[in-house]
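Number of protein chains: 4
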Amino acid sequence: MPREFRLKRRVNFYETDAAGIVHFSMFFRYMEEAEHALWRDSGMSISKAGTDLGWPRVGASFAYFRPLRFEDEFEILIRIEEIAEKRIRYSCTLTRDGEKLAEGAMTIACVLRRPNEPMKSTPIPPDVVARLLGAKDGSRDGSPHA
Amino acid sequence: MPREFRLKRRVNFYETDAAGIVHFSMFFRYMEEAEHALWRDSGMSISKAGTDLGWPRVGASFAYFRPLRFEDEFEILIRIEEIAEKRIRYSCTLTRDGEKLAEGAMTIACVLRRPNEPMKSTPIPPDVVARLLGAKDGSRDGSPHA
Amino acid sequence: MPREFRLKRRVNFYETDAAGIVHFSMFFRYMEEAEHALWRDSGMSISKAGTDLGWPRVGASFAYFRPLRFEDEFEILIRIEEIAEKRIRYSCTLTRDGEKLAEGAMTIACVLRRPNEPMKSTPIPPDVVARLLGAKDGSRDGSPHA
Amino acid sequence: MPREFRLKRRVNFYETDAAGIVHFSMFFRYMEEAEHALWRDSGMSISKAGTDLGWPRVGASFAYFRPLRFEDEFEILIRIEEIAEKRIRYSCTLTRDGEKLAEGAMTIACVLRRPNEPMKSTPIPPDVVARLLGAKDGSRDGSPHA
Chain A
244 MPREFRLKRR
254 VNFYETDAAG
264 IVHFSMFFRY
274 MEEAEHALWR
284 DSGMSISKAG
294 TDLGWPRVGA
304 SFAYFRPLRF
314 EDEFEILIRI
324 EEIAEKRIRY
334 SCTLTRDGEK
344 LAEGAMTIAC
354 VLRRPNEPMK
364 STPIPPDVVA
374 RLLGAKDGSR
384 DGSPHA
Chain B
244 MPREFRLKRR
254 VNFYETDAAG
264 IVHFSMFFRY
274 MEEAEHALWR
284 DSGMSISKAG
294 TDLGWPRVGA
304 SFAYFRPLRF
314 EDEFEILIRI
324 EEIAEKRIRY
334 SCTLTRDGEK
344 LAEGAMTIAC
354 VLRRPNEPMK
364 STPIPPDVVA
374 RLLGAKDGSR
384 DGSPHA
Chain C
244 MPREFRLKRR
254 VNFYETDAAG
264 IVHFSMFFRY
274 MEEAEHALWR
284 DSGMSISKAG
294 TDLGWPRVGA
304 SFAYFRPLRF
314 EDEFEILIRI
324 EEIAEKRIRY
334 SCTLTRDGEK
344 LAEGAMTIAC
354 VLRRPNEPMK
364 STPIPPDVVA
374 RLLGAKDGSR
384 DGSPHA
Chain D
244 MPREFRLKRR
254 VNFYETDAAG
264 IVHFSMFFRY
274 MEEAEHALWR
284 DSGMSISKAG
294 TDLGWPRVGA
304 SFAYFRPLRF
314 EDEFEILIRI
324 EEIAEKRIRY
334 SCTLTRDGEK
344 LAEGAMTIAC
354 VLRRPNEPMK
364 STPIPPDVVA
374 RLLGAKDGSR
384 DGSPHA
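Residue numbers (the working numbering), protein chains in the order written: chain A, 244 to 389; chain B, 244 to 389; chain C, 244 to 389; chain D, 244 to 389.
Okay, chain A solo, but in the shape it has when bound:
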């Protein structure tokens, strides 16, 4: 059961470029915004003070079908496609009024970050997996077993 989250958004002026459309690099920021909203919806912050866990991106892509313009209202759907031992893979779809604008993907790694050391890959903590996979979804149904 993939866990997903929908974020509604409006295009800001500074996100457009001289071609009159949203710059293609912004779509990656939109995808990340939705990812972080999913984490918050799971009761977590992806960048918590006082932790040495980090979540750098190891891959990201977008295919673009239609442009976005200033003040367009659109929706970002982010979905967890896979949680491996040390990585999480998402898919992402942007739509406006039900029309597909772009499809993206992103993979993040779980790493330990310690001062003056290089980042080092580490297994994702079980409670993070549990929260991401939707203990919270259950609680929405009012399930006593959630």
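None of these hints come from the bench; they were simulated from the model.
Each hint can be trusted.
Where chains are identical, the list cannot tell them apart; a pair therefore holds if satisfied intra-copy or between any two copies.
Here are the simulated lysine-lysine pairs, DSS-like style, with alpha carbons at most 25 Å apart:
#, residue 1, residue 2
1, Lys329, Lys363
2, Lys343, Lys329
3, Lys251, Lys291
4, Lys291, Lys343
5, Lys343, Lys251
6, Lys343, Lys363
7, Lys291, Lys329
8, Lys291, Lys363
With chain A's structure known, arrange chains B, C and D on it following the hints.
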């Protein structure tokens, strides 16, 4: 003979994020910077006033191997991998002191943009192809036929 | 009666820098977001397709008192301080939980933009002034004359 | 004797907006780029790993006279106007082909940043003042006392 261009760059402070490294979306901007430098090196601007040709991105991706930090000096290598009838496909490699940091790819489309009309795909003009494929390279040899 | 608008916002990760706080340049984007929301709230878009009116910024400033961090929730208050013949002057205050974070100001000019001509200052259309000054506020009272 | 630095720059595409000109918030980033180049030219990095000194901005402003467009080449002149006990004040001028585009100002504070503590204002270390005020300039003359 693939056409390529190398751009040297230093990381600006505003390109970093709270994880202390360059935000992953910036790599797409770096790739575009190198692309536009390649076009200038071919004697063209990719966004010339007074033309109705546009070059929207239809796909873009990066795989990230090592992080970049504030004031790091690095190199962006952009290479034209294919020029199809209506599309151009690039590959891109970021390196720092010879160490590979990231590998990217980007495909752009040639479109007609007219006021109050949707963008429409169109064949790449032959002179653009000729310039991108390196007529200019020949002129560097002092060739009288360039 | 100054016209004002309050916009609630949360800090996105890509808005932070390697000092762990929101980059100071972002405050100008926040101020602009609130300005454009005020225009929408007045029934207008500041950048409408098919018009040759533009609203470039002629001055902008911020004084910073406290930093913003990832996922902070804050409020942007934008207020029209003066509408002159060809210019509008705003003030702006950012707060978090009632605590003042920063104070800004911005002046924009009304210009005509025509293809291949330099921008030229022009009087603000009366209906724009009327809308900005709050005809809409009246309609909120259910006034039949609004 | 004010210390100053000139940085040459070309406008990147992603720095433009749908009005076809560089977004006004970018000027603050340009000003910061020149500031950091001045620090490097003084033999320092403004954000060095392993130090607990930070340099947050406490004020910034720009007056805009003429727009910048994609691929414009321009110059950023940053000048140290004053070094007080705990603050540095800069002025900044952007020009293109000798024509003044914008004038800015920025004040930064010297602070101590310690984990889990709020930033705290602190006197600027004497060696930083010495470097910024141009000990290095002297050394360029080959002065034995520099």
